[in-house]
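**Student:** Protein sequence lines, in the order shown, are assigned to chains A and B.
Taking UniProt numbering, the leading residue of the first sequence gets 1, the next gets one more, and so forth.
Taking UniProt numbering, the leading residue of the second sequence gets 1, the next gets one more, and so forth.
If you are wondering where the hints come from, they were derived from the structure by calculation, not from laboratory data.
Wrong hints could be hidden among the right ones.
As the list makes no split between identical chains, a pair holds if one copy fits it or if it spans any two.
Stated by the list, open to error - Capping the alpha-carbon separation at 20 Å, the derived lysine to aspartate or glutamate pairs in DMTMM-like fashion look like this:
| # | residue 1 | residue 2 |
| --- | --- | --- |
| 1 | Lys225 | Glu255 |
| 2 | Lys235 | Glu203 |
| 3 | Lys157 | Asp393 |
| 4 | Lys98 | Glu194 |
2 protein chains.
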Amino acid sequence: MRAEIIAVGTELLLGQIVNTNAQYLSRGLAELGIDVYYQTVVGDNKDRLIQAIKIGRERADLLVFTGGLGPTMDDLTRDALADYLGREVALHEPTMSKITAMFAGRGGAFVESNRRQALLVDGATPLRNDTGLAVGNALSVDGTHYLLLPGPPREMKPMFANDGTAWLKSIMGEADSLHSVMLKFAGIGESGLEDLLIDLIREQSDPTIAPYAAEGEVTIRVSTKAANAEEAARKLEPTLMEIRSRTPMHLYAEEDIPIETAVIRLLTSQRRMVTLAESCTGGMVAAMLTTVPGSADAFRGGVVSYSNLLKHRALGVPLPLLEGADAPGAVSAQTASAMAEGALALADADFAVSVTGVAGPAASEGKPVGLVFLGLAERGKETRVTQLQLSGDRQGIRLRASKRALYMLWLALTGRG
Amino acid sequence: MRAEIIAVGTELLLGQIVNTNAQYLSRGLAELGIDVYYQTVVGDNKDRLIQAIKIGRERADLLVFTGGLGPTMDDLTRDALADYLGREVALHEPTMSKITAMFAGRGGAFVESNRRQALLVDGATPLRNDTGLAVGNALSVDGTHYLLLPGPPREMKPMFANDGTAWLKSIMGEADSLHSVMLKFAGIGESGLEDLLIDLIREQSDPTIAPYAAEGEVTIRVSTKAANAEEAARKLEPTLMEIRSRTPMHLYAEEDIPIETAVIRLLTSQRRMVTLAESCTGGMVAAMLTTVPGSADAFRGGVVSYSNLLKHRALGVPLPLLEGADAPGAVSAQTASAMAEGALALADADFAVSVTGVAGPAASEGKPVGLVFLGLAERGKETRVTQLQLSGDRQGIRLRASKRALYMLWLALTGRG
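All chains, please: the whole structure from these sequences, using the hints.
**Tutor:** Here's what the structure looks like:
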């Protein structure tokens, strides 16, 4: 099946927002085995929207819309499709009851325009909206399938993942669907990983092996088409085993989670606590760990020792390490080690990770931009330090240093390093 | 002039990357006074690319392409346009010399396919690429203008901003161009700001007033068309003065910078230092401040006191505040105040900002998700505490609490609160 994604909204054409919906839907459709041939963005203008539908209908079997289902007169997707198909729109009573109840609950006056969010094109299947008011629409006419989703990502994503996916599977019939496993790697770049797997990537046919790049993360998706999960697992397993055997020091998850989630899970299951001493990353590692719900059971907090004063006062780093012509300085293996040990003692934790380096844009202490030392102190063990030379701009260096710090902790938690 | 942006690349259709180029170009074209009517994404397929050119030519005067100018056989944009126009492609000698010199400098073998990056459609103006190899193409045929830019943002952006913009101005002739001022607000939501400015927004014609929404930030762009910067300033000033007079507690910048940059600049110019004591934001405020180059001159670092142990040990928060049936608890005005005062003393700073709250997903200490206390300790002054009830998910609450903490500091630094 050939699909086209049509995102509706003048704010996209003005560049006020990025079209992340198109990416989300493209990935989701690919996982269902549906090929996306075009993405289109059109403004809140009925004539141009109808033109986009006409063009889309000629070159695709499935048109997936996002946006234009809200309450205002600018929300035109339903009306445009109904006009194009020569159909009426009608009120979906369960959605209308939900909207009325919500306004009654708030004690606010019901605004008439909200009724628009309960409209369905005649013949359409309603798609539940668990995180908002506008009902989704799904219908098939003359061999073309139309799926209408809201624009706000927090409404669009669950609707697509739930009722939207179920409807797509129903129109695809009994054909095999795509099953994928996401493999996540740390401590290695995309090209380094490709070197390890180059023959597998070159010779792939089924399962397919597709790399995904994102700043600071390396992901590979291994996919196959199969009738059910058991058959998929059987087909995927030999490839997965081969990849696992080649990447024992880097493969940290077989699902799409960041390394901070993997680390928090390991700490929690081992009932161990970590603390941090961050200099050049300035709180980024802590901010990553605390994005994970429940991180308070594994992360005791830490010190952002951005100044020598705090390195000394809060972490007990000796001043002779930091100051004076012959001192190793704030960016040194000795300081990284002392920061980690100071944090371990301060927070009474099982692990302490430290980061100190030069994020740029200018060199510091005569040391080059990108030079970073990571320290790992573990209760009852020798403290270890790793030296890195990272490339990129200030934010890139900080992000990669943060991810490498978490990778160092992952190695220790899994007994690998 | 009506424009369409055509992004070329199968990786976009697979959802491997987000189409940030379309946003960048949409904004850039809007600033030149060019209206974008459609954005299209098409894969690395010559037939479908030619179809997209045909459709684009019918509905736009200017087609701006990104992607497909690289060295591989998948890079088809030039070839597709040449085929569509019935023209040849020819080598652009200066680009070819640059490519050859680069390979000679590296001592690597010249790969023949790199020659493709020096190709121009017959009659096209070459656009300089300062950050890569592929030369850009710009040409006008039968009233339609074609602008071909590379796909990688670090090549596309400078090419568009330099030679691309110059060429667009030349084809637009002597018409006035758009001049804009970005106004940035903190401590107020988008709807709150609209309430303050509603009559201005309703009655706008020239200058125009356009809100931009982004999580945790509120931005307004005030724009007018003018022949030069002086005329633009004269036309914009009355509107800017009116907005300034209505929003003295919220307008923190008249350029597109985040509040962390505004705060670091104020601290630096006042030669004062800040420190932080973060609980629920878990290092996010520190990470924001340290994105700003030069922040080390204004930010001493701080404590991520994610556990009661660190609140007590590192910040000196008294245990009776934290523990026991009748204690106010970690999420309380008293603890926020003690955290800020403890941080101020520890870091010997001029200001200390503290954040403690319930980010969720679950309530904590019997307190509701979204309850946040911010503390502000200032050397020689009474410590102040602000209580917030924020809505949203875990990440949204953490982000808004972080921005509000920086806003509280901005108020103090500007003598407003």
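**Student:** All hints are to be evaluated individually against the structure, with a verdict given for each.
**Tutor:** For each hint, the structure was consulted:
1. Lys225 <-> Glu255: within (18 Å within a copy, 51 Å between copies)
2. Lys235 <-> Glu203: Answer is within: at 16 Å inside a copy they meet the 20 Å cutoff, but 64 Å across does not.
3. Lys157 <-> Asp393: Answer is between; shortest inter-copy Cα gap is 15 Å, intra-copy 32 Å.
4. Lys98 <-> Glu194: neither (51 Å within a copy, 28 Å between copies)
Against the hints set out earlier in the document, a violation occurs for number 4 only.
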